[in-house]
Amino acid sequence: MEPKKIYGILSEKFGGKIKQFVENTLPPSVLVETDAIADVCRFLKEGDGLDFTSLMCLSGVDLKEQGRMAVVYHLHSMKQKHKITIKVELDRNNPHVQTVEQVWPGANWYEREAYDLLGIVFDGHSDLRRILLPEDWEGHPLRKDYVYPKRYHTWDV
Amino acid sequence: MTNADEKFMQVNMGPQHPSTHGVLRLLVTTDGEVLSGVKPYIGYLHRALEKIAERVTYPQFSPFTDRLDYLASMNCNLAYAMTVEKLLNIEVPRRAQILRVIMAELNRISSHLIAFGSFSSDMGAFTPFLFGIREREFINDLFEIACGARLTYNYIRIGGVSKDIPGGFIEKTREFLDYFPAKIKEYNELLSYNAIFIKRLANIAVISPDDAFDYGITGPNLRASGIKWDLRREEPYLIYNELDFDIPVGKGEMGKTGDAWDRYMMRIYEMEQSAKIVRQCLDLLAPGDYTAKVSKVLKPPAGEVYVRAENPRGELGFYLISDGSTKPYRLKIRAPSFANLSIIPKLARGVMIADLVAIIGSLDIILPEIDR
Amino acid sequence: MTELINRILSGMSPTMPLTRLLITILIMVVSAAIVLAVSLLYEGFATYAERKVAGDIQARIGPNRVGPYGLLQFVADGVKLLLKEDIIPFYADRWLFIIAPYIVFTVSFAAFVPLSYSDHVSIANLNVGVLYMIAISSVVSMAILMGAWGSNNKWSLFGGMRAVAQIVSYEIPIVLSLLAAIIIPASLSMRDIIAYQSGGLGIFRWLVFNNPFTLIAFFVYFIAAIAEVNRTPFDIPEAESEIVAGYHTEYTGMRFAFFFMAEYGDMFVVSAIAATLFLGGWQIPFIGGIPMPVWLREVLQVGVFFTKVFLLIYVMMWIRWTLPRLRVDQLMELCWKYLTPIALFNLIGASVWVLLLHDRGVYDIIARVFTR
Amino acid sequence: MAGYFKKMYHSISTVLTGLGITIKYGINPKTEVTQQYPEVKREPPEGFRGKLFVDINICTGCTACARICPVDAITLKTVRDENKKLRPVLFDIDNARCIYCGLCVEACPVDNCLYFEKKYEFSAYSKEDLISHFGLGEVKPAESKTEDKKTEAGKEGKEAAQ
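Chains as they are written, first to last, in this note's numbering: chain V, 1 to 157; chain Z, 1001 to 1372; chain D, 2001 to 2372; chain R, 3001 to 3162.
These aren't lab readings, by the way, just hints derived from the structure by calculation. Any given hint could be a false lead.
Computed cross-link-like contacts, SDA-like style, restricted to lysine to any residue with a CA-CA straight-line distance of at most 20 Å [stated by the list, open to error]: (1) Z:Lys1346 x Z:Asn1012; (2) Z:Lys1039 x D:Lys2154; (3) V:Lys79 x Z:Pro1236.
All chains, please: the whole structure from these sequences, using the hints.
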């Protein structure tokens, strides 16, 4: 199915919650309102003819210039063989978004990673802990304004 | 360690444990030999590659991709190069494409040889590991002739490959391809169809297709569940659509489809197919440019791409955002082993300690890629 | 040895009880020292042989640095182990932890005593030799559990539990299969059993060829014996890919070496039992009937005995470097579902054979047919 | 019951097949593939990436290598000599940091100036000993204007480069 058509189906179903269709990314992306992401994802997975079986990638992006953060979902359907990018944009100072862990269990670790490295909080996540960094690490390194620590415990960095 | 339920014992498996394939730590809750839960802890090998990517230029990041999945550096190089090429709209010359396929498939063989070998030593048989290493040396020699390095090749570059193959490479590769099938037969007789080995693996840790989708499992592990999905076929890149090869899928020969034995066997089958691909590519190889014209300073236009390639361990994806400068704005690496490992808590419930080792080995995870 | 003591003492005046006692003790100590020296030397060379065999099988060379052909490798290993720091974990049960390796080693050393190395060379010709061997080798499991528990390490505990479960279970097929052989010469003395197997071209009177049941018993015994000494494919108590190093995880230096040497000592002992009971012990095949000086015969007999034992040890090593490891429950399954019933029915069959044909074996019957 | 014996037969036959393969290797010394390293050294092929070498006399001091190095292993300091030509007074390559990626060799605009030697044994007792110094040392400068072209890029690379 063409991404454009998927966008059509989505905006028909969710109306104003679907904000924008961006064609020049690869794969083309759909910008979704933050509070609707879990519903949209569930629909994308279970909706007729959509069948987005797997979440290929979930990335957090720090858009510092725009004062925002984004969470990008790269979805893929192994049954229908089509793919699409879903994006949500969050407030940079207080990034909160619903979890999609209930839709794709594999999202668990990706969300933990986004939380770890960018500080995006996924509401409803079952086990939101740091994953790559030590549990007592301060700050979120992938933020553009991250300040490198001088010391970690007894080590000079 | 305190535990409310006295019946269970908590054991740390790793970070230093012989069979955790690197520095994976599993917090195992057991009732005697039977596991009641596993909690993986990763990140011991975190080198902040994604952060480094934001501080180095596009060509400079290429050597770092070697260090993602160090057993399949060529494939990682390839995926990264394809990502940047997509952003820059570079057309890669045909000879370079064929060379890339040859290297990627040879690397797939060498990676699967390690997977096979380390899995066998996890299962307590040491000899197959040495045999796997022996054949891998052959491939390493080939790579060394081609690019001068034996492990971190940095051979496939943005626009093509770093240099043309020298004379004698093709003959040596053919020699290897002639020598290899007999060895696969030997592996099968020695290990794959060994009754003890089958008993250890059949019906262990079955991944159903739905679970595989849910957790984003890809590569041989997905195909073992009976799903015929291979990016080389589904979204052909390079010259894969011209090549004739099969995609082996798990059929549950020794038990249920998608069990550990199927996952193991996928790798043996794929080695055969890769050898077939390399043979065809050698025939296709015609003189030509080995790299496209790429300017020294790369300044891709602003934009974002998500490109993936079929790595030996699954789909390696690069999500690259460019802001028009010489350095990536954001590079997210979607490592196949990361997703493959995340299913372990689900699989390792009610199995025995020895099975946990079999599960880790059959998923063929590699930690540098997970921790990045 | 008792004979030797008696012979020496008989020449002495009976009025010196203290001297007699001292001389008896002296002779005992000297002979014990000889056995210890020989067994240590054997264990050293066995570790060398193990590594060499592994090297051969894995298409590599193995130790070849220390001394000619690396023959002095074990000396280097021994020196290294002696110089290693002796670590006793802080939370270990010190008493158990320290004493366990000595018990394991003593037991394996004590099992050398009733063996009959040639017609006249033996330390003690016990009339219950076989029983003694079976009894003393069971003590190993206790010592292993002591060490495992004393280490206060969860992996050690796993190993210890596995070891006990395994050794206790496998005693049963061992005893049952040994019985099938013992009922033919109807003696428990090693010497009598070997003496019974003389003649018949040197090999056809061996108990293994006596009747079909003893042949099966030999294989059952050998498989169970591999399990008894914890070697692959039954090395679950120290399965390094699963439970790190099992019961000797926490042991270092010489304490570890004791466990290590005991394993090779046990290998010798079980192989010696197999050689004695099934393969004619020191009976020289084919040329046994030719008259020769006593000293030459003795030397040949010792040589033949050791050759048989080393062949069996080689087979054990060969199996170790070929097969993957079984899982705990599968190991038990093999014991209780396969080996034990087979050994039991085998014993019944052997008993019926003895009942009907007395001690006549297949060879006797054929020989009788032809001589008639 | 038939299954019981069939299983037994299967186990024994496959185990024997495996044993057959290993004994073939076990008794045939020709199968050994080990190379006796310190005695027998393999000749690295053409284009082997060994230790970096700089022919300092033809170096133009363009700093292309230092700029492309992803792990910041090359330290380069240039001075203009009396002919107004850039000369490298300091050219240090930290072999402990080098990841042998070959980017610098390709970036070097002068033929046979910066290249990989076929040398692969250069262990040392201290990290300082691993730095190879190629710099010219003192060059009679036209004017005392020095440039330090140490690049910012890849500062983090240090940790990753192993």
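Verification of the hints:
1. Z:Lys1346 x Z:Asn1012: holds, 18 Å
2. Z:Lys1039 x D:Lys2154: Given that 20 Å is the threshold and the Cα spacing comes to 17 Å, the pair holds.
3. V:Lys79 x Z:Pro1236: With a Cα-Cα distance of about 17 Å, the restraint between lysine 79 (chain V) and proline 1236 (chain Z) holds, given a limit of 20 Å.
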